[in-house]
Every structure is written in structure tokens, then in C-alpha cells.
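Asks: Construct the complete structure from the given sequences, taking the supplied hints into account.
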Amino acid sequence: MGHLARRALSAALLGLALSAPAGAKAPNIVFILADDLDAVAAAQMSQVKSLITDQGTSFRHHYVSLSLCCPSRATTLRGQFSHNTGIFKNDLPDGGFGGFYQKGEEASTVATWLRDGGYRTALFGKYLNGYPEGGPSNRYVPPGWTEWMSPAAGTPYKGFNYTMNHNGTLVDYGKADADYLTDVISQAATDFIRHSVDQFPDKPFFVYLAPYAPHAPATPAPRHENAFKDIKVPQGPSFNEADVSDKPNWVRSLPLLTSAEIKDMDKLYRKRRQSLLAVDEMVQSVVNTLQAKGELNNTYIFFASDNGYHQGQHRLDSGKMTAFEEDLLIPLSVRGPGVPARRTVDHITANVDYASTFAEIGGVSTPSFVDGRSLVPFLKGQTPPSWRAALLLENKDGALPPLRSADGPLEPSDPFELSIGPAGGGQGIDGFTGLRINDGTTYVEYTTGEHEYYNNGTDAAQLRNSYIFTSPQTKARLANWVAALKNASGAALRQAELAAP
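The sequence shown runs contiguously to residue 553 in the numbering used here.
Read the hints as simulated data drawn from the structure, not as lab findings. For every residue, glycine included, the Cβ atom is placed at its ideal position computed from N, Cα and C. Honestly, I wouldn't trust all of these hints.
Derived lysine to aspartate or glutamate pairs resembling EDC-like cross-links, with alpha carbons at most 16 Å apart [unchecked claim]:
id, residue 1, residue 2
1, LYS299, ASP146
2, LYS77, ASP254
3, LYS281, ASP318
4, LYS77, ASP250
5, LYS299, ASP482
6, LYS319, ASP282
7, LYS284, GLU313
8, LYS538, ASP449
9, LYS101, GLU333
10, LYS527, GLU502
11, LYS210, ASP229
12, LYS345, ASP250
13, LYS432, ASP398
14, LYS227, GLU277
15, LYS210, GLU277
16, LYS210, ASP231
17, LYS210, ASP235
18, LYS315, ASP282
19, LYS432, GLU412
20, LYS345, ASP254
21, LYS210, ASP224
22, LYS227, ASP449
23, LYS538, GLU446
24, LYS448, ASP482
25, LYS448, ASP146
26, LYS155, ASP168
What follows is a list of derived Cβ distance ranges for each label pair [said to hold, decoys possible]:
id, residue 1, residue 2, range
27, PHE521, ASN490, 19 to 25 Å
28, PRO454, GLN287, 29 to 35 Å
29, LYS315, ARG112, 44 to 50 Å
Replies: Here is the structure:
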């Protein structure tokens, strides 16, 4: 494959960016977003730990408000909760790339803000689920991106045999080792960094690097197929939970996992860990490239995931979409100029905060519709004078996407989706809203009228739903807090996060 096509920016650099002296180039931003990576598995990634976590700040209570790929990625791009993006699912009519495109939301994203502010912007890898279906063509490049490289056909979730839309040109990749998707986008990202520094030395860059790993089927690079020979899925206190009588009906209806299902779970867990080895190498390659080009000390590197992932907790087969901690908690580590090393932040932060953070680093303003908060004070080693006391959780009724195999470009179904849907004899997940609160509790109210309330400090495995033991006053306070948040937006939403009404 030849050199990446290049297009110069025409927008002027606006203002001064974070940590940039007068007349200096604004800081670069590299945002690495894994797919379905839970916080526990992320902690096993050696290069992420040594090159990002140990060199910067990690966020111990970092969450998604809706644990599903497309809603989370829409929130990342716009800094809005799902009730404000309108993206609740991976498919039309309530989500997917098609929904995002039809709503015109691509006209104002972190990519357009930063590009208008003088940044060279690039996306390599996964965009929004369903892309390019629902758009004008499979050559479509969304606004705001200087460089674009995202799969438009084939089987990208399998890591091979896919077609890449590279700046509007379709390029086919096959099954050779060199076609492995994580490696291809890693090379593209480092090429972009080198070209940006060499050809546009006065322009900062924003790289959104989005591997498909470790999303199922979690194909590892051929060189890693024999790794972790004897590894098995961890079996904590809630694994295949014996007594789920305190859980909502959609959980109570699930049978215990069978030995065959657990064996399949072990296989997927091993493949997930194997597929992350190439992501770890990608992190190392990015850091090495920045170092070689003299840009490492002027670059913020974020490592995160679009949602968490459960495997066996509460009888649940492998997947996401619930309000349990495994699905909501995601990794976030950041290194960069002025970021304290080996520091841990305990405040509740979320994917809704990325857009505001990138904007402040880049010295650009955010539209009034943005719901999130900037993490920049934490990256300076400071604690903001006020911060959210609770994060809104939300999911819509009928959250199960259409069942799919891994034989196309659209997101294949997780085992969990297969097991809880009609094909598996289940009823799906009931819609819910709720709160992850800074006192260590999780509160969930379902459209069925059922509730969950967990003290994660004393019951980290969420084995005991204490809602029925909770006082009427506390129940009313929690319900009123959800009511104040679930339809709010912008500054009013941030104000409502500060305390219960």
C-alpha cells in the first residue's frame, strides 16, 4: 500500500492551548479507544501500563452512561448523553451510524471543533456501528477529518478480508498476516504522525485510533495465536450467581450457565486477551514514533474503551448493555505535558467528558449542547472546586440489536445477546435509568417498576440488591435525582449532577 493521501488544513489556529507557551504549537492529542475492553482486562496490558498508566494519571471510577458501542461512541464525539444524541442502539431507528448521520450530528463533533481550531485530525479504525450504511455511499467521509481510514465492507470484526475507505478511496485487504486490521491502522497512525510532524510542523494533530479488539470474535494476530495457553475466564463471587431472587425479572429468568457455555466463555476470554497483545504493541509503536519525532512531551495520550464487558457475572453470558459494574466501568489512563505520573483520580468521570477535555486541550470552545465536563484540572494534578456527585445511567426498552454473525461489516452479536433474546429463550433487557453515585452506590429503576440498589463499597460483586431495605426517604431522593437528570442537557444537567434535589 502506498503513502497516505494528505490534505492541508485551511483553518487558522485559534487561541492558546493547554500547556502551550505563547507562540508555541498547541499540544497534540492521541485518543486510543479499544472495543468492548473491560477495566480488569485492560490492567493486564503491559505496554499500556508501563507507557501510559505509570507515566500519567489513571481514573479509577471512569464509566460509560450506556454500555453499548454506538451510543458510547456518539457520546464521545459530541459530549452528550444518549437522551440528547438520540443514539441508544447500534442500529436504526434509535441509533447506529445511520441515525447519527440522519440527525445531522456529524456537523458538530470534537473533530470539527478541533479542525476548525487548526488541528490536523485523523480517524483510523472503527467509527460508528453500521458505517457506512445509512449514509450517502461507502466512500463517504464525515466532516471534520483531515485523514480518514475506516472499514466500509467485508469482515473487519474478524480482522481480515475487509475493504477500507481511505479518504474516499476503497482499498481491499485480504488474509495475509500483513492485512491484520490492528496492525494496518497502527501503521497508518504512525505514518500520519510522522507526516504531520515533517510536513506540517506548526500544526498540532488529533489522532482517534480505534481498534476492533477485543470485540468478539476477537481474532488475534497470527503471531499471538498460541499465547495464554491455559488461561480461563476469572470466576469471582458473582460468577454464575446461584441466587438471583433479588434481581430484576429479566435476570431471574436466566438459567444457570452450563458447563458448555462456560467452556465457550473460556475460549472467548483467551481470544480477547490474545487480540489485545497487538493493541499493546500498537500503543508501544505510537509512543516510539512520538518519541522519535520529538513530539512525545507535547502529546496527550488517552487510552480507554467504549464500554465494559461481563463474562459470567450474575449468570450472564459474554456481553454488555447492563447496569452492572462490569459493563459500566471502563479504563482511562492519560499521559502528557504536566500530567502527574502514577496519580489516581477517584472522582466519577465518564465518556461524556472526552469532548470537553479535548476541546480545552486544543484551546477551542464547546457548543452549549455539550453535557460533559473537562478532565483538564485532573490532568494538571488539581481537584475542581465542584464536580458531579452522580452519573446518569440509561438504556432503552428493546435494547437488543438485530442478531448478526461475524460474516459482515456490521457488529456481530455477543453471546449475551443470543442468550437473552428469543433465540435463547430470554426476554431481553428491560429499559432503565439510574445513577452511579460518588458514595459508592448504584441505583437503577426499570420501566417494569423494578429497582436495584447496591452498595459497591461493601458489596463489590453486587450480590445483594438492598432496594427493599432502603428507607422511603432515600428511595424518593434517588427517584427525584434521576427525574432531574434524565431529560436535562448542557449546563442545567451539570448543575443537577452536583447534588440530589
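Asks: It remains to establish, for every hint, whether it holds in the given structure.
Replies: Right, here's what the structure says about each hint:
Simply put, LYS299 and ASP146 have alpha-carbon atoms about 27 Å apart, too far for the 16 Å limit, and the pair is violated. Among the hinted pairs, LYS77 with ASP254 is consistent with the structure: their alpha-carbon atoms are about 6 Å apart, no more than 16 Å. For the suggested pair LYS281 and ASP318, the alpha carbons sit about 11 Å apart, so the restraint of at most 16 Å is met. With a C-alpha separation of about 14 Å, the suggested pairing of LYS77 with ASP250 holds against the 16 Å cut-off.
Only pairs whose Cα atoms come within 16 Å are accepted, and LYS299 paired with ASP482 is accepted, the gap being roughly 12 Å. Of the supplied pair hints, the one linking LYS319 and ASP282 holds, its CA atoms being roughly 10 Å apart against a limit of 16 Å. The suggested pairing of LYS284 with GLU313 holds, with an alpha-carbon distance near 13 Å, which does not exceed 16 Å. Between the alpha carbons of LYS538 and ASP449 the distance comes to roughly 15 Å, so the proposed pair stays at or under 16 Å and holds.
For a cut-off of 16 Å, the pair hint linking LYS101 to GLU333 stands: about 12 Å separates their Cα positions. With a C-alpha separation of about 12 Å, the suggested pairing of LYS527 with GLU502 holds against the 16 Å cut-off. Only pairs whose Cα atoms come within 16 Å are accepted, and LYS210 paired with ASP229 is accepted, the gap being roughly 13 Å. At most 16 Å may separate the alpha-carbon atoms for a hinted pair to count; LYS345 and ASP250 meet this at roughly 9 Å.
Distance hint between LYS432 and ASP398 is fulfilled; the C-alpha atoms sit about 15 Å from each other, no more than 16 Å. Proposed proximity of LYS227 and GLU277 is supported: the alpha carbons are some 15 Å apart, at most 16 Å. About 14 Å separates the Cα atoms of LYS210 and GLU277, which keeps this hinted pair within 16 Å; it holds. Using a Cα cut-off of 16 Å, the hinted pair LYS210 and ASP231 holds, with the two alpha carbons roughly 11 Å apart.
Distance restraint check for LYS210 and ASP235: the Cα-Cα separation of roughly 13 Å lies within the 16 Å cut-off, and the hinted pair is therefore satisfied. Our distance criterion of 16 Å between C-alpha atoms is met by LYS315 and ASP282, whose separation comes to about 12 Å. Restraint check: the Cα-Cα separation between LYS432 and GLU412 comes to about 12 Å, which is no more than 16 Å; the hinted pair holds. At roughly 13 Å between alpha-carbon atoms, LYS345 and ASP254 fall within 16 Å of each other, so this suggested pair holds.
With a C-alpha separation of about 14 Å, the suggested pairing of LYS210 with ASP224 holds against the 16 Å cut-off. Between LYS227 and ASP449 the alpha-carbon distance is near 39 Å, which puts this suggested pair outside the 16 Å criterion. With a C-alpha separation of about 8 Å, the suggested pair LYS538 and GLU446 falls inside the 16 Å cut-off, and the hint holds. With a C-alpha separation of about 7 Å, the suggested pairing of LYS448 with ASP482 holds against the 16 Å cut-off.
For the hint pairing LYS448 with ASP146, the CA-to-CA distance comes to about 9 Å; that is within 16 Å, so the pair holds. Restraint check for LYS155 and ASP168: not satisfied, since their Cα atoms lie roughly 21 Å apart, outside the 16 Å limit. Look at PHE521 against ASN490: about 21 Å separates their beta carbons, and that is inside 19 to 25 Å. Separation of PRO454 from GLN287 is about 31 Å and conforms to the stated range, judged on CB atoms against 29 to 35 Å.
For the pair LYS315 and ARG112, the beta carbons lie near 33 Å from each other, so the given range of 44 to 50 Å is not met.
Hint compliance for this structure: hints 1, 22, 26, 29 are not met, and every other hint is.
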